[in-house]
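Keeping their order, the protein sequence lines are chains X and B. Take 0 as the starting number for the first sequence in numbering that gives the first Met the number 0 and just add one per residue. Take 0 as the starting number for the second sequence in numbering that gives the first Met the number 0 and just add one per residue.
It is worth saying that the hints were derived from the structure and are not from the lab. Keep in mind that the hints are not guaranteed to be accurate.
It does not matter which identical chain is used: a pair holds within one copy or between any two.
To be verified - Keeping only pairs whose Cα atoms sit at most 25 Å apart, straight-line, the calculated DSS-like set for lysine-lysine is: (1) K352 <-> K341; (2) K341 <-> K280; (3) K116 <-> K86; (4) K352 <-> K21; (5) K139 <-> K86; (6) K21 <-> K341; (7) K365 <-> K21.
A quick note: this is a predicted structure, and the numbers were derived from the prediction, not measured.
Number of protein chains: 2
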Amino acid sequence: MANSSITAAQGFEAAGISCGIKQSGHLDLGLISCPTGAMAAAVFTTNRITSPAVDVCRDHAGGSGRVKAVIANSGNANACTGRSGRKDALAMCRETALHLDGQTEEVLPASTGIIGKPLPMSKVRQGIGVAARTLSPSAKAGLQFARAIMTTDTRPKQAVRRFTVSGRDITVAGTIKGAGMIGPNMATTLCFLTTDLAMHQSLLGRALRTAVGASLNKLTVDGHQSTNDTAILLASGLAGNRASTAQQPAYRCFVAALVSLCDDLTRQMALDAEGATRMFKVVVTGAASQREAARGARAVAGYDLVKCAVHGADPNWGRILCAIGSAGVQLRLDRLTCKLDKLTVFRRGGPCKFDIKEARRIISRKEHTIFIELGVGSHRDFCYGVDLSEEYVAINADYHT
Amino acid sequence: MANSSITAAQGFEAAGISCGIKQSGHLDLGLISCPTGAMAAAVFTTNRITSPAVDVCRDHAGGSGRVKAVIANSGNANACTGRSGRKDALAMCRETALHLDGQTEEVLPASTGIIGKPLPMSKVRQGIGVAARTLSPSAKAGLQFARAIMTTDTRPKQAVRRFTVSGRDITVAGTIKGAGMIGPNMATTLCFLTTDLAMHQSLLGRALRTAVGASLNKLTVDGHQSTNDTAILLASGLAGNRASTAQQPAYRCFVAALVSLCDDLTRQMALDAEGATRMFKVVVTGAASQREAARGARAVAGYDLVKCAVHGADPNWGRILCAIGSAGVQLRLDRLTCKLDKLTVFRRGGPCKFDIKEARRIISRKEHTIFIELGVGSHRDFCYGVDLSEEYVAINADYHT
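The following block holds chain X by itself, in its conformation from the complex (with noise of 0.2 Å):
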């Protein structure tokens, strides 16, 4: 089977092990190595309080671009830990760089978990020399790795997308994980790229913000952002291409690839939402423009009695339309129209008669679509819900003790 792990990528090879923070024993140490160096983009959090992980990631990528290695733990965040979390995701880059001969500068840390502990350096410490002793290009390390950043996450979450460039064949693979406190920005907490595609810094990182406002930033589970969310893309160059400029085609079907494999590891993620049973997407038509197209669509996607109406397979459109009218965007109620799927449930301001059991069965499905025609304008967008239930609450009445 060909391989579909972050490994599949030439140049990259892979970690994941157990290092104890975890009290379950699962895996929580996770190392991504490019040994002959990769060029980095990322996107972060825009929760003003950031991990200290997230502020070194950024230093760091910032730098040259040139980076050697990824070093992400899950079951602590190292947030609001104080003076010493930023010693400590320093101290995690310097560990990893002692070990694969590189600069402390080349490697990206990324942390998730729980706030406000310190993390157990120790343990730590001794994992990344486990992981750098580990490391395999193979699909199980990359599978590891997967695993290795999972906190309330019921399975790895990985994909990987195909494409020949003048003759070269190109690989872009992922891996993500969820699975609580996403909101549409940087719907992402901790997300992985890989690719042996040979670009410069500039379009790597272009191409990053596009994938990522097109598929993560369009998924919201419970309209958080957490301290420490971060999309990391690293190129190793090994498929030989020329790097292009933003015009010509290897660019554009690499946008393609990673918008599409980006949208796959979203679904991946919105499926496995802490206590969530179903998606759906929400498709807004006729808005007066697409910022009112794209909060619109968010609104409604993050309303908790829409969640709840979904969960409950239940047709309520008068909380659609509740929630499109609370949403601060310009409609017209004699030509608002509502769709589930194909079947129309509001037409131009008036309830219409439709089959209760069969809009049962479309909300019934693992994902749907709410089309809303506002009657405005000509403008679009999209974002991805997930339906709000019982066990979310659970999760997250008793998480921290």
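Position chain B against the provided structure of chain X, taking the given hints into account.
This is chain B only, laid out in the frame that chain X set:
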């Protein structure tokens, strides 16, 4: 026992009956009458999709300001009902006026309940007749009205304030219904306030806006605002005081009483919010502006992960910091401090040692306060929130059918 219902103020009669809108047979139609006529002020939802009841109420309250009655139903919001909606809202007023020897324009309508179903008008018409015949100034009649506006509320909510101005005894009374779809923009659903004070219409409106802004708009249950939110204040003038200016003591005493009354109703509503087992107050200090203080408090009070943690009595202060960090307000992490009542859990950018059991005891109370010092300015504001429970989801996953 003193009358603590909306009939406590001189000049008001009330009734609450079952006319058959609710299949359960519970009370679903309420009437307040002021035979001598009352000055009215009202504030409404800012949802762009409004019930025709809101539209008609706004028209009628915006006329001379002189009204004779309020007719309110629960079990059906008369929202998104197409063209028949406005006709039905007007018919409710006409029918009420007929029985009370008034004009259609002198009646304010209000509706709450399911969206998208036409009102069963023959039942409503018949019910209005019954309600008009059972009007009474008794405390029991006032309580029946309070019961008749309930939807998912588990108990009626009433409050009264009394004060004396220039030898005149003034009463202000109110009732409110919750219990879901409550966001800080008009967190009111339906709220009815009566007083025997005499006051000019413009001042009455100003007093109402002040009181709603300081109380009802400071509560978020689920961040939602309905299509039907309405708060109505009626002043009979029978206390016989001379209508005052905004500078005179009568007005200031009235506003203070009204704020206190509305705060009381708001807290009753919070403690009876859908699935809520406890409430909390978020106080933000040291903000760069009043607006940022309010925004920060609201963001924390409405943050699902904080609400879940409160439900689990889990002192997970990391989520509080995460919420304030993503609220889009200025803060300095090195000055950021967080307290649960008097217990400091995070001080000037670093976690502190605190008694976990004591923290759990604080959160387990019916009400506690989360203090957040941002360290950038001198402004403060607050917001009330409630815990998010499995029951909230259960209630809202199957409300429609």
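25 Å Cα threshold - placement of K280 relative to K341: The answer is within: 13 Å in one copy meets 25 Å, while 44 Å across copies does not.
Within, between, both or neither: how does the pair K21, K341 come out at a Cα-Cα threshold of 25 Å? neither (46 Å within a copy, 32 Å between copies)
How would you label the pair K352, K341 (within, between, both, or neither) given a Cα cut-off of 25 Å? within (14 Å within a copy, 56 Å between copies)
Indicate which option fits the pair K116, K86 if close means a Cα-Cα distance not exceeding 25 Å: within, between, both or neither. For K116 and K86, the Cα distance is within 25 Å only inside one copy (14 Å; across copies 61 Å).
K352 and K21: within-copy, between-copy, both or neither at 25 Å Cα: Between. Shortest inter-copy distance 22 Å satisfies the 25 Å Cα cut-off; intra-copy 53 Å does not.
State whether the alpha carbon distance between K365 and K21 is at most 25 Å within one copy, between copies, both, or neither. Result: close neither inside a copy nor across copies, 31 Å intra and 33 Å inter.
Homo-oligomer pair classification [K86, K139; C-alpha up to 25 Å]: neither (32 Å within a copy, 67 Å between copies)
Comparing the model with each earlier hint shows violations of hints 5, 6 and 7; every other hint is respected.
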